[in-house]
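Chain order of the listed sequences is A and B.
In this text, residue positions in the first sequence follow my numbering: the first is 3, and each later residue adds one.
In this text, residue positions in the second sequence follow my numbering: the first is 2, and each later residue adds one.
It is worth saying that the hints were derived from the structure and are not from the lab.
Just so you know, nobody snuck in bad clues.
Quick list of in silico lysine to aspartate or glutamate cross-link-like pairs, EDC-like style, CA-CA up to 20 Å:
no., chain 1, residue 1, chain 2, residue 2
1, A, Lys25, B, Asp248
2, B, Lys7, A, Glu205
3, B, Lys14, A, Glu190
Some, not all, of what chain A presents toward chain B, calculated at C-beta under 8 Å:
no., residue
4, Asp14
5, Tyr17
6, Glu22
7, Thr26
8, Arg32
9, Phe40
10, Pro89
11, Leu209
Using C-beta positions, here's what the derived DEER-type ranges look like:
no., chain 1, residue 1, chain 2, residue 2, range
12, A, Phe40, B, Lys231, 55 to 63 Å
13, B, Lys526, A, Lys172, 46 to 54 Å
14, B, Glu89, A, His91, 17 to 25 Å
Where a beta carbon is used, it is the ideal one built from N, C-alpha and C, also for glycine.
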Amino acid sequence: MNYRIKFAKLEDLMYISHLEVIKTLRRIIRRAELPAAFSQGYNPRINLAIGPPLAVGLISKGEYFDLELTEELEAEELLSKLNSVSPDHLKFLKAVAVPDDIRSLSSLVDTAIYTINFEYTEAKSLETEKEMLEEFMSQDEIMIIRHRRKKEDRKIDLKKRIFSAEITDKNKWKFAVVTGSRGNVRPEELNRALRDKYSKIEEFSPLQVVREGVFVRDGESFDPPYAEKFIGS
Amino acid sequence: MQYKKKIIENLYKISSPERYTGNEWNSISKDWEPEKLKVALAFPDVYEIGMSHLGLKILYHLINREDNMLAERVYAPWQDMEDLMKKEDIPLYTLESYHEIKDFDILGFTLQYEMSYTNILNMLDLSGISIYADKREEDDPLIIAGGSTVFNSEPIAEFIDLFFVGEAESFIIDLLNKYKQLKAEGLSKNKILNNLSKIPGVYVPSLYSEEYGERGEVLSLNSAAGVKGKVKKQVVQNLDQAFYPTDFIVPYRDTVHERVVLEISRGCTRSCRFCAAGMAYRPVRERSVERLIELADKALKATGYDEISLTSLSTIDYTEAKQLVQKMTERFSDKMISVSLSSLRVDKFSVALAEEVNKVRKTGLTFAPEAGTQRLRNVINKNISEEDIYSAARSAFENGWSKIKLYFMIGLPTETMEDISGIAEMAKKIRNIGQEVRRNTKKRMRRIEVSVSVSTFVPKVFTPFQWHQMDDIETIIQKHDYLRDNIKGRSFSFSWNDPELSRLEGVLARGDRRLSAVIESAWKKGSRFEGWHECFEPRIWGEAFRENEIDPENYLRERGEEEIFSWEKLDIGIPKSFLLKEYQNAYQEVLIDDCRFADCHGCAICGNFEVDLELVGGGTDELQN
Chain A
3 MNYRIKFAKL
13 EDLMYISHLE
23 VIKTLRRIIR
33 RAELPAAFSQ
43 GYNPRINLAI
53 GPPLAVGLIS
63 KGEYFDLELT
73 EELEAEELLS
83 KLNSVSPDHL
93 KFLKAVAVPD
103 DIRSLSSLVD
113 TAIYTINFEY
123 TEAKSLETEK
133 EMLEEFMSQD
143 EIMIIRHRRK
153 KEDRKIDLKK
163 RIFSAEITDK
173 NKWKFAVVTG
183 SRGNVRPEEL
193 NRALRDKYSK
203 IEEFSPLQVV
213 REGVFVRDGE
223 SFDPPYAEKF
233 IGS
Chain B
2 MQYKKKIIEN
12 LYKISSPERY
22 TGNEWNSISK
32 DWEPEKLKVA
42 LAFPDVYEIG
52 MSHLGLKILY
62 HLINREDNML
72 AERVYAPWQD
82 MEDLMKKEDI
92 PLYTLESYHE
102 IKDFDILGFT
112 LQYEMSYTNI
122 LNMLDLSGIS
132 IYADKREEDD
142 PLIIAGGSTV
152 FNSEPIAEFI
162 DLFFVGEAES
172 FIIDLLNKYK
182 QLKAEGLSKN
192 KILNNLSKIP
202 GVYVPSLYSE
212 EYGERGEVLS
222 LNSAAGVKGK
232 VKKQVVQNLD
242 QAFYPTDFIV
252 PYRDTVHERV
262 VLEISRGCTR
272 SCRFCAAGMA
282 YRPVRERSVE
292 RLIELADKAL
302 KATGYDEISL
312 TSLSTIDYTE
322 AKQLVQKMTE
332 RFSDKMISVS
342 LSSLRVDKFS
352 VALAEEVNKV
362 RKTGLTFAPE
372 AGTQRLRNVI
382 NKNISEEDIY
392 SAARSAFENG
402 WSKIKLYFMI
412 GLPTETMEDI
422 SGIAEMAKKI
432 RNIGQEVRRN
442 TKKRMRRIEV
452 SVSVSTFVPK
462 VFTPFQWHQM
472 DDIETIIQKH
482 DYLRDNIKGR
492 SFSFSWNDPE
502 LSRLEGVLAR
512 GDRRLSAVIE
522 SAWKKGSRFE
532 GWHECFEPRI
542 WGEAFRENEI
552 DPENYLRERG
562 EEEIFSWEKL
572 DIGIPKSFLL
582 KEYQNAYQEV
592 LIDDCRFADC
602 HGCAICGNFE
612 VDLELVGGGT
622 DELQN
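Could you build the full structure based on these sequences and the hints that come with them?
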C-alpha cells in the first residue's frame, strides 16, 4: 500500500540537509513501528521516495514523500503514529493513500512557492512595493550569476524561472518558481536580483524565507501532488 | 543568558550549521528552575566525534534522571564557528537550552585523547572563563574532567578544578549532590574543593604539588595537609545491573558510530604490554546476554537505528560471544537490523563470528597483529601466532571477504628493522593467500585488497612500557620509508601517522604540570583540533616549547626504574612492581596468559577493589578452540 505524505520542516530543524531529512524519516518510520516495505538487494532499506530537495537553512510548510507499507493503515492512524515519534519541528500534516502507478513526486512536482519577508533601509508603503514588484517582473530578462559548488559560475535568467509573483502583505513577497528536474531558483538569488535593482532592500537571513510548499503547476493554478487528478479513480 | 535567536540568524554563514543546533530526538530539555544543579557536559572535539562517545551518553542520561539536576551538551566549535561567535559576540552555549556556559554550576570535560587539550582551553575562553583555575572567579562554573586520559592529566592540571578518576557513573551523582549541598551552605570554592577531595576518586590538582630536579625528573610529589596522598580510581561493581541508557540521542548529521552501541563488557586482561586501556579498565566485567538483548530491544525502539554495535576492548573475549551474536542476529535480522562487532582478535573464531553477523554485506575485516614478527609479538604479549593470523586470513577470504585491513605499531621496545620487514612480509603473504583463494574459488570474488596501517607506538602511563623511550623522528621516518617502498602494488595500500604528531602525543602522554604553559602558548598561537591531520602545525608547538624553555626530549626519554612519575598521585589499582616485572618480561620475551582463562599473575586489581572478575560464561578458554 502506498501513501503520499505531506510534512513541514520548521525552524528548529531548518539547518538539517535533504539527506539528513531522509535519514530522519527512515528512523521515524522505524520508531513508529510501521509495517514498512523494504527494498530488495544486499542492503535493504525502507522504500521511501522524497520530493525535490529543500535547501539547508530553509523552513517549509509543505514537503512530501511516498512510503510503501505492507499493510493498509488509516491515514489518521498513520499520521498520529508518525507524529508521536517525531521531533517537534518535523510535523506530518497529511497522508493520502495513492495507487502503485501514481507518477513519482520527482516527475510531478515542478513548482516551489516562497514567501520572503523583505527589509528595507527605509520604510516603503505597500503601494510602492507593488510598483517595485510590477516593474521588476516586467523586465524582459532578469539575469543573475549563479554560484555553483566546485563548478564555474554561470549566468542564468530568473525571468523564465519565475511563474508568478505577488505581494500578499506589507513586506511580504510571494514567488512561485520552478523547482525539481526542470530547474531551480534559490530564494537567495531572488534577493540578489532584487538588490541589484533596488539597493534599499537589505540582505536577508534564511529566517526571512518560508517555503509555503511544493506544487504541480497547471496553467495558472498550483495543485498539491495528492490532488484527485493525480490519484485517478 | 540564552542566545538562540542570534545563533539561528547567523548559522547560515558557516559550514555544517547542524553541528550547533541540537533539537535531536531524545535530547533532554529540562526546565531551568533555580534549585536545580546545572551541568554542562563538554566534549573537546566537534559534534560528530563527540556524539559517538559512550561515556558522555551514560553521564548525560544518568544526571538527567535526577530531579534536582540537569545536564546539557556542548562540543568544540570548528574554526569558522569560532570566528562567527567572536564576531557576533556569542559565547559558548549548550545545544539543549542555548544557555551560555557561565549560567551553569559545573562544566565537565571528557578527556579522550591528548590532542584535544588546546580545544579545552579554547572552550573555556569562548565561555568567557579564565583558562587557569587559580585565576577564575568565585561564581564561575566549577571545571571538572574525567575520562581515559585522566590517568595522566598533569599537563592540564592547572586548568581544571577537579578530576574524577575512574568510572564516573559509579560516583558522579554523589559528587554532584555533595557539591550542591556545600554550595548551598555558602562555602567558598576553595573550601568546597577541599571538602570534595575527601571523596574517593576525586583528585583536586591544586592540593598537590611536585618538585623537579635538574634533568627535569620529578623529585617528590606532595599533597596539602590532610589531603590523601594517592587518589584511587573508582570502578562500577556489578556492571550487569549498572545504569545503561537506551534512549540515545539520535543525531541528524552523520556522526561516527551512528547506531545502537551496546557495551558488552568492560576491561580486558589480555595484558598486551603497550595497552593503556587494558591496564586502566580492569577488572573485567561482563553484561549478561539477557540484559544485552533487553537493552537492544529498548534502544532500537527508542532510536529507530538499523544497526547494533557490540563493543568492548576485545569483543571476542566476551565469554558468551557466540551465543550473544547468534541470539542477536536471530532476533533482529527479520527487522533488517544488522549487528556489528568491534575489536576483533586475529583468529578463526573471530572470522566465524564475523561471518555470523555479516551474512550478506561483506565490506572489510580488520585484524591487528600489532607487530611483524613472532619475537616482537611475544615482547608485547600479543598472544597470537603466525599460524593464527594466516589461518584467520584464509578463512576470511574463503568466507567471501576480499578486503583485509592490518594494524601495526612501529617503535615498540626491542624493535629492529627485521621486525619492520616482517610487516611487509606478512602483508604480502596475506595478499598471496587471498589471491590463491580467489583463483581456486568458483564464487565471484572482488580483487584482493590488503591495507596496512601503522601507527607510531606512544608509551602510555600505567603500562609496562611507561619506562620506554619513544622513537626519534628520523627513525620513525626511516621505518615509514622502508614500508612505503616495500608495500607497493595494486593490491596494497599503506597509511601511517604524522611522526611529529605522534611525538607530541608522546610528550603529553607522559607529561607533567610544566606543560600547561606550553599548551597555553600553542593555543594562543592558534593551535586547535590537533587530532585532525589538516589542523596540526608542528611549527607552533616547536615555538611553544622554545618560548617556555621546555625540551620535549625530556618527556620522551627512557625513564629510570627508580624514578618517581608525576602521574603516581593516582592509583589505578595495579602496583608499579607488577608493571616493572612485565617490562622485564617483555625483554625476556616471556608471555603471560589471560587470567580469565588461566592463572592469576598478581596484578592485584581484584584484591585492591575487593571484586571478582564478573564473567557470564565459564572461566575457561573453550572459545579459543
